[in-house]
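J.: Based on the hints, put chain B in the right spot on chain A.
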Amino acid sequence: MSHPGPLLTDFVDGTLGAAERADVQAHLATCATCRDEVAVARTARSALRALPVATPPPGVADAAIAEASAQPTSIDTARPRSDPSTTRRWLAAAAVAAAIGLIAVAAPKLGPSPSQSMAAGSDAAADQSFAKAAGVEVVDANVSQTQLATVAAALGGVQPAEAAASGVSLGETAQPPDLQARHVLPAELPHAAACLDQAFGDTPGTLTRVLGARFEGTPAYFGLYAVGPGAGLPPTRVQLLVASVRGCDVLASAYASL
Amino acid sequence: MDDPADQELIDRYLQGDGDAFAALVRRHERKVYGLCLRVLGDPDDAADAAQDTLVMVARKLGSFRGDARFSTWLHRVATNVCYDHLRAAKRRPAVRRLPDEEHVHDLGSPAADHADEVAGTRDVAAALAQVPPDFRIAVVLADVQDLPYDEIARILDVPVGTVKSRVHRGRLAVGRALGVLTKEPGGTDGTSQGQR
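Same order as they appear, the protein sequences are chains A and B. Mapping to this note's numbering: the first sequence position 87 is 87, numbers consecutive. Mapping to this note's numbering: the second sequence position 65 is 65, numbers consecutive.
None of these hints come from the bench; they were simulated from the model. Each hint should be verified, as a subset may be incorrect.
What the hints assert, rightly or not - Straight line, CA to CA, 25 Å or less: simulated SDA-like cross-link-like pairs of lysine to any residue:
#, chain 1, residue 1, chain 2, residue 2
1, B, LYS31, A, PRO57
2, B, LYS60, A, ARG246
3, B, LYS60, A, GLN180
4, B, LYS31, A, PRO58
5, B, LYS60, A, PRO57
6, B, LYS60, B, ALA153
7, B, LYS31, A, ARG246
8, A, LYS132, B, ASP17
9, A, LYS132, A, GLN198
10, B, LYS60, A, ASP178
11, A, LYS132, A, HIS191
12, B, LYS60, A, ALA181
13, B, LYS60, A, GLY59
14, B, LYS31, A, HIS191
15, B, LYS31, A, GLN145
16, A, LYS132, B, ASP19
17, B, LYS60, A, ALA187
Only chain B is shown next, with the shape it has when bound in the complex:
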């Protein structure tokens, strides 16, 4: 568990140790960027959102009282920033590019050096882009960030049952966008988006 160390860094920062804050955000920047990238789809948008998130954390950390885990609070901030970016993107003309070679390069971690892995990344990123935002965020928190449902419920401020429902619908939308054939693609969830 990294929370005791998180809290210690927060305490040190609140006592005036700027390096403690730097250590705190360096520890979590990858997590924040990963969430933003999978939700927003575009590396530049994700970098902007991650930066906005961390700046927001800097501004609000003084009001963080430790009644939630820091990582829960951080994800809540990041999720809200992602929603803001999605709303802003909706107001802009639709010029978003599909994942291209540069995008794929950005997505790869240093360890992900298998070509088939990268190709799969491109498909999944494209599939995620077709998922309605509420479901996309839930499924990213669950299956990319690997957070438990009760924590996601606290992040999104919805009941656990709602989280499970959104995750399921998000998975269905991703799976169908990935081209998985189903005999009854409609169902009752309203998320069938089989076209790619």
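Chain A extracted, bound-state conformation:
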């Protein structure tokens, strides 16, 4: 017989029937090339199959989970991805954000860490008016740096109606995204909280909400912390910390006075 071709693969696997196996063996008895190939392939096959199962790094699926929940499924495809009324509420919230003098801090590694500056205010009193987060709210939004302050304000519970009355004009760049949660994932909360802790070290106050969304295109956790002055007093401000889902790196932060 000529060189067995693909039959050699089956021969090495040990999956040939008796007749074909006998044919291949007869060929091997006369063909040194194929004999050598069988020996080499067997060695490689054994070595490859002995490889340990590789363990993925933590968080390798997090971006996908955030992404999946932001996708319209077959059921909600009919729903508009951006609800105009929500957009309007956000415009109003942004007005309040501007009115109350929100400060967004970009690239916190360049200056004093906002978490450090807020750490002194960390107190159980924050629980008085802010419930602890119940899950990661997955949002189909890509938040830009210029939107961050308005996001912090809205998550902090600023009333849209009052904001609208303030009549503050807004620049185009501050227009915030639709932050309507597509899904809430309770099971992801511990990982998200740990990720924010890892990124920022001492996270301040009480973690009241966590959003899974994109920041400047990067899948990220947005953690909202209610921070009080201590001594049993209610929180006076909220701080929004943003960490990348992958790698838990610091991306940005912002805070709003209540």
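T.: Quick look at chain B alone, frame taken from chain A:
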């Protein structure tokens, strides 16, 4: 068989249950990462490719109609992502490091605590890196992912005979890179890469 459960999770996800998708990808992330690691060789590249794969799955799952097994479809997505990463790596300056101590540490599963196993892992990973991509992917699907040839044929969209040929050539390249001596290292397959 895990497919009924896969399909059930997919159905639940498509009905709006985000936790079902999380369960689905948590179940398969190890498999995807394993494929990416053995094909790309570098743990960081593999993590990126695995993440890209799972994000792609998230985006495309709505169009998955169940005409293939989910794991077949998942492997097809992962394989295409790996090809993309290999092409991108080819365009970058060649700075890829050989498997080092950190790499070896990453490769080990919690159960793989024998030093000789880890050393073998390093050799095999280095050998795989020398195999041409088409053969490397085929042999990884067959001998690392332990998939049957007909499923690999569906993943790669090539005939089963082509799969067997690629697997054989991949094994020869790995074996020769591992330093197995052969009397006629050339053969007709053009994959002889005996140097290490």
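J.: Are the hints correct? Go through all of them and say.
T.: Each hint tested on the structure:
Pair hint LYS31(B) plus PRO57(A) holds up; C-alpha atoms about 13 Å apart against a cutoff of 25 Å. Among the hinted pairs, LYS60(B) with ARG246(A) is consistent with the structure: their alpha-carbon atoms are about 21 Å apart, no more than 25 Å. The suggested pairing of LYS60(B) with GLN180(A) holds, with an alpha-carbon distance near 22 Å, which does not exceed 25 Å. Proximity of LYS31(B) to PRO58(A) is assessed by CA-CA distance (about 14 Å); at most 25 Å being required, the pair is judged to hold.
A distance of roughly 23 Å separates the Cα atoms of LYS60(B) and PRO57(A); the hinted pair therefore holds under the 25 Å criterion. As the CA atoms of LYS60(B) and ALA153(B) are separated by approximately 21 Å, the hinted pair is consistent with the 25 Å bound. This hinted pair checks out: LYS31(B) and ARG246(A) have alpha carbons roughly 19 Å apart, not beyond 25 Å. For the suggested pair LYS132(A) and ASP17(B), the alpha carbons sit about 23 Å apart, so the restraint of at most 25 Å is met.
For a cut-off of 25 Å, the pair hint linking LYS132(A) to GLN198(A) stands: about 19 Å separates their Cα positions. The hinted pair formed by LYS60(B) and ASP178(A) meets the criterion: a straight-line CA distance of about 23 Å does not exceed 25 Å. About 15 Å separates the Cα atoms of LYS132(A) and HIS191(A), which keeps this hinted pair within 25 Å; it holds. Only pairs whose Cα atoms come within 25 Å are accepted, and LYS60(B) paired with ALA181(A) is accepted, the gap being roughly 20 Å.
A C-alpha spacing of about 20 Å is found between LYS60(B) and GLY59(A), which places the hinted pair at or below 25 Å, so the restraint holds. Straight-line distance between C-alpha atoms of LYS31(B) and HIS191(A) comes to about 21 Å, which keeps the hinted pair within the 25 Å bound. With a CA separation close to 36 Å, the supplied pair LYS31(B) and GLN145(A) exceeds the 25 Å bound. With a CA separation close to 20 Å, the supplied pair LYS132(A) and ASP19(B) stays within the 25 Å bound.
Distance hint between LYS60(B) and ALA187(A) is fulfilled; the C-alpha atoms sit about 23 Å from each other, no more than 25 Å.
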